[in-house]
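Student: If you want the building blocks of each chain, they are given just below.
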Amino acid sequence: MFKYVVRRVFQMIPVFIGVTLILFILRAPGVLPGDPVRMITGERGMTDALRQQIIEKHGLDQPLHRQYVIYLGNLLQGDLGESYQRGRAVTEIFADKLPNTLRLALAAIVIEGIVGVTAGIISAVRQYSFLDVLVTLSTSILVSVPVFWLGMLFQIFFGIKLKEWTGGAFYLPISQMSSAQFPDWAHMILPAITLASVSTAYVARIMRSQMLEAMGQDYIRTAEAKGLTRRAVTFRHALKNALIPVVTFVGIDFGVMMGGAILTETVFSWPGVGREIFLAVGQRDWPIVMGGVVIIVFLVMIINLLVDLSYALLDPRIRYGGGPE
Amino acid sequence: MSALLEVRDLATQFTTRDGIVRAVDGVSFTLDCGETLAIVGESGSGKSVTALSIMRLIQEPQGKVVSGQVLFKGDDILKLSDSKVRAIRGDRIAMIFQDPMTSLNPVFRVGRQIGESLILHKGMSRKEAFERAVELLDMVGIPHPRDRARDYPHQFSGGMRQRAMIAMALACDPDILIADEPTTALDVTIQAQILELMIEMQERTGAAIIMITHDLGVVADMADDVMVMYAGKQVEYGKADGVFYTPRHPYTWGLLDSLPRHDIDEKGALLPITGQPPSLINVPAGCAFHPRCPYAKDVCTTGTPVLTDVGEGHLAACHFSNDPEFQRRASQHPGEVA
Ligand SMILES: Nc1ncnc2c1ncn2[C@@H]1O[C@H](COP(=O)(O)OP(=O)(O)OP(=O)(O)O)[C@@H](O)[C@H]1O
Ligand SMILES: [Mg+2]
Numbered sequence: 001m002f003k004y005v006v007r008r009v010f011q012m013i014p015v016f017i018g019v020t021l022i023l024f025i026l027r028a029p030g031v032l033p034g035d036p037v038r039m040i041t042g043e044r045g046m047t048d049a050l051r052q053q054i055i056e057k058h059g060l061d062q063p064l065h066r067q068y069v070i071y072l073g074n075l076l077q078g079d080l081g082e083s084y085q086r087g088r089a090v091t092e093i094f095a096d097k098l099p100n101t102l103r104l105a106l107a108a109i110v111i112e113g114i115v116g117v118t119a120g121i122i123s124a125v126r127q128y129s130f131l132d133v134l135v136t137l138s139t140s141i142l143v144s145v146p147v148f149w150l151g152m153l154f155q156i157f158f159g160i161k162l163k164e165w166t167g168g169a170f171y172l173p174i175s176q177m178s179s180a181q182f183p184d185w186a187h188m189i190l191p192a193i194t195l196a197s198v199s200t201a202y203v204a205r206i207m208r209s210q211m212l213e214a215m216g217q218d219y220i221r222t223a224e225a226k227g228l229t230r231r232a233v234t235f236r237h238a239l240k241n242a243l244i245p246v247v248t249f250v251g252i253d254f255g256v257m258m259g260g261a262i263l264t265e266t267v268f269s270w271p272g273v274g275r276e277i278f279l280a281v282g283q284r285d286w287p288i289v290m291g292g293v294v295i296i297v298f299l300v301m302i303i304n305l306l307v308d309l310s311y312a313l314l315d316p317r318i319r320y321g322g323g324p325e
Numbered sequence: 001m002s003a004l005l006e007v008r009d010l011a012t013q014f015t016t017r018d019g020i021v022r023a024v025d026g027v028s029f030t031l032d033c034g035e036t037l038a039i040v041g042e043s044g045s046g047k048s049v050t051a052l053s054i055m056r057l058i059q060e061p062q063g064k065v066v067s068g069q070v071l072f073k074g075d076d077i078l079k080l081s082d083s084k085v086r087a088i089r090g091d092r093i094a095m096i097f098q099d100p101m102t103s104l105n106p107v108f109r110v111g112r113q114i115g116e117s118l119i120l121h122k123g124m125s126r127k128e129a130f131e132r133a134v135e136l137l138d139m140v141g142i143p144h145p146r147d148r149a150r151d152y153p154h155q156f157s158g159g160m161r162q163r164a165m166i167a168m169a170l171a172c173d174p175d176i177l178i179a180d181e182p183t184t185a186l187d188v189t190i191q192a193q194i195l196e197l198m199i200e201m202q203e204r205t206g207a208a209i210i211m212i213t214h215d216l217g218v219v220a221d222m223a224d225d226v227m228v229m230y231a232g233k234q235v236e237y238g239k240a241d242g243v244f245y246t247p248r249h250p251y252t253w254g255l256l257d258s259l260p261r262h263d264i265d266e267k268g269a270l271l272p273i274t275g276q277p278p279s280l281i282n283v284p285a286g287c288a289f290h291p292r293c294p295y296a297k298d299v300c301t302t303g304t305p306v307l308t309d310v311g312e313g314h315l316a317a318c319h320f321s322n323d324p325e326f327q328r329r330a331s332q333h334p335g336e337v338a
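Listed in order, the protein sequences are those of chains V and D.
Just so it is clear: in the first sequence, position 212 is 212 by our numbering, and no numbers are missing.
Just so it is clear: in the second sequence, position 177 is 177 by our numbering, and no numbers are missing.
These are calculated hints, taken from the structure and not from any lab test.
If you're wondering where the values come from, they're calculated on a predicted model, not measured in any experiment.
Glycine included, every Cβ here is placed at the ideal spot set by N, Cα and C.
Accuracy of the hints is not assured; some may be wrong.
[Stated by the list, open to error] Here are the simulated lysine to aspartate or glutamate pairs, EDC-like style, with alpha carbons at most 20 Å apart:
no.: 1; chain 1: D; residue 1: K239; chain 2: D; residue 2: E6
no.: 2; chain 1: D; residue 1: K64; chain 2: V; residue 2: D218
no.: 3; chain 1: V; residue 1: K163; chain 2: V; residue 2: D132
no.: 4; chain 1: D; residue 1: K64; chain 2: D; residue 2: D18
no.: 5; chain 1: D; residue 1: K79; chain 2: D; residue 2: D99
no.: 6; chain 1: V; residue 1: K240; chain 2: D; residue 2: D151
[Stated by the list, open to error] To spell it out: a stretch of chain V is covered by chain D in this simulated footprint if at least three of its residues, at any positions, have a beta carbon under 8 Å from a beta carbon of chain D; those stretches are:
no.: 7; stretch: 60 to 72
no.: 8; stretch: 229 to 241
no.: 9; stretch: 314 to 320
Hey, can you work out the whole structure from these sequences and the hints?
Tutor: This is the structure we're talking about:
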């Protein structure tokens with residue numbers, strides 16, 4: 001088990017190298033339009049001396065491969081550099097933003113878990129019923145809807161139209177800035193639902209198919225032959241088996257949401273890591289883009305490792321790191 | 001005194017895309033306390049469906065018991081309320097399933113799975129049920145039962161899982177144990193051990209056993225009664241001795257001939273039944289066995305034979321069951337008749 005974890009941690013190194021390398025290639029001159037130094041100085045004219053000073057301050061005078069080596073060296077020490085635009089350390093900036101992203105992802109995961117699993121179970125237990133058809137239909141639509149579009153639709157309907165139609169009652173706040181009359185968490189409802197939407201549909205579908213598969217297994221008949229009630233058979237014997245892949249999906253999805261939140265955070269102006277990266281890309285603020293991506297990649301890998309480890313807890317057939325069976 | 005279990009004219013059908021499958025069609029038998037009934041027949045002849053119908057475990061709505069009675073101690077299981085049936089299942093009638101590899105739940109410990117019916121039917125606490133599960137595992141010959149009870153099914157070998165299934169079925173001291181091919185998935189030495197174990201258990205608890213198999217050899221030393229099924233129908237039924245030594249149905253002859261029988265003819269080539277079992281959607285008219293029967297006559301293609309008494313409660317469903325000449329020649333040299 002310990003050896004397994006160590007091995008997995010070592011496997012992260014090439015991933016970091018790969019990710020940072022790709023990002024460095026993207027910032028090589030001529031790959032993407034836009035000169036970061038021009039972005040820093042803005043439209044105003046600037047003396048060559050000042051310009052030179054900025055270049056040196058951010059180490060942009062060095063050849064790209066040198067810059068890369070320096071970046072990796074700093075990364076090892078937990079230093080993600082300084083923002084071009086904001087004059088703050090990247091780690092400091094993300095220390096502010098990360099909790100917001102985590103909060104949103106957590107809310108989305110809770111929605112995904114509860115709504116997705118419940119819908120999937122109902123759908124499976126009442127196969128071919130009206131509810132099942134409803135779930136199947138709505139999940140098919142949901143998985144093909146672009147997230148940003150759904151987010152805007154929610155904003156228009158719940159944030160604006162509902163407010164107009166009901167004279168200010170029953171609407172949902174769109175962003176933190178919208179009003180002070182709501183508790184803090186209320187601002188999270190729409191972005192969290194948006195972020196959770198596609199995944200919830202997937203969870204419902206996986207849950208349904210896993211549940212149906214489990215219900216058809218021989219051990220279900222064994223359980224029925226013991227005289228257990230339908231309910232005990234479904235919710236004890238079938239559910240535990242069916243949940244294993246679903247829990248894995250939800251766990252990995254938590255990692256995916258770190259990165260996937262870029263769209264949702266941008267649409268809802270949610271002050272998280274994703275939106276910060278989105279803004280920084282526009283400004284060619286490379287230290288923030290790289291730092292943000294590195295943080296997300298790191299979180300995703302840690303979460304995946306935790307998911308894999310918890311898998312062993314759920315499924316007795318799986319054991320990591322050798323040892324006697 | 002009425003029989004422990006009396007099945008009358010049981011018929012079970014499945015609705016499939018291709019049509020209605022008459023999986024069991026008019027099966028009747030009785031079982032007394034401590035008795036062993038063997039149900040034999042080829043694959044697909046309706047043995048498992050018969051067993052599941054008795055337990056009322058046929059999955060509706062695809063499957064349905066369309067007629068018949070299953071009288072357990074006088075009550076018709078098919079008419080009882082769901083909760084009454086559940087009270088019988090696992091407690092009074094228990095079942096060992098065909099495939100030990102898939103019949104245990106992979107995510108629960110073996111001890112817990114054995115104890116489950118004790119908690120349910122005997123009102124035991126988890127702790128008591130676990131202790132009893134350990135005893136049961138010990139009884140079915142699993143070494144280190146206390147440790148093994150905490151194992152998961154994947155840590156058990158096939159033979160051990162089948163022992164665990166037997167322990168599970170015996171947990172509540174059932175009146176009837178239905179064993180659906182309890183040994184087919186196991187290798188030969190283990191098969192013998194498992195059968196030995198079941199005979200031992202029966203002597204200890206006095207349970208009646210319904211033993212399902214397609215291997216007549218397996219039942220020879222176990223069964224009191226034998227029922228032979230073909231295409232969902234009962235073709236021969238009676239005391240084991242009668243069915244074994246004076247079989248009255250050509251299908252039974254075929255089954256017996258496909259066994260290596262050293263006592264009859266050392267050199268004789270095996271005579272397996274030729275052809276395929278019929279589709280249960282379009283069962284052949286007349287006698288369902290006639291397309292494969294080496295002795296079939298015109299009447300066999302049109303008239304459906306009924307089960308008739310050929311003596312001392314020995315029943316057979318063949319138009320010629322009571323034709324003495326045919327019977328004499330057939331039972332002596334089955335291959336040369338006709
Ligand atoms: N759920 C089902 N849906 C449709 N047909 C079924 C179903 N269960 C069983 N059958 C059909 O019923 C017939 C009898 O099946 P059954 O399982 O009783 O055979 P069996 O005698 O137990 O055979 P085996 O020796 O292979 O176990 C088969 O033709 C099978 O295809
Ligand atoms: Mg079977």
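Student: Each hint needs a verdict: does it hold in this structure or not?
Tutor: Now the hints, each set against the structure:
1. Between K239(D) and E6(D), the direct Cα distance comes to roughly 16 Å. Compliance with the 20 Å bound is thereby established for this hinted pair.
2. For the proposed pair K64(D) and D218(V), the alpha carbon gap of about 19 Å is at most 20 Å, so the pair holds.
3. Our distance criterion of 20 Å between C-alpha atoms is broken by K163(V) and D132(V), whose separation comes to about 33 Å.
4. About 16 Å separates the Cα atoms of K64(D) and D18(D), which keeps this hinted pair within 20 Å; it holds.
5. At most 20 Å may separate the alpha-carbon atoms for a hinted pair to count; K79(D) and D99(D) exceed this at roughly 29 Å.
6. Taking the CA atoms of K240(V) and D151(D), the gap is about 17 Å. The hint holds against a cut of 20 Å.
7. Here's how the stretch 60 to 72 of chain V fares: 0 of its residues keep a CB closer than 8 Å to some CB of chain D, so the rule of at least three is not met and the hint is violated.
8. Look at the stretch 229 to 241 of chain V against chain D: 4 of its residues bring a Cβ nearer than 8 Å to a Cβ of that chain, three or more, so the hint holds.
9. Proximity of the stretch 314 to 320 of chain V to chain D, defined as three or more residues with a beta carbon under 8 Å from a beta carbon of that chain, is established by the 4 residues found.
In summary, the structure is inconsistent with hints 3, 5 and 7 from the numbered list given earlier, while agreeing with the others.
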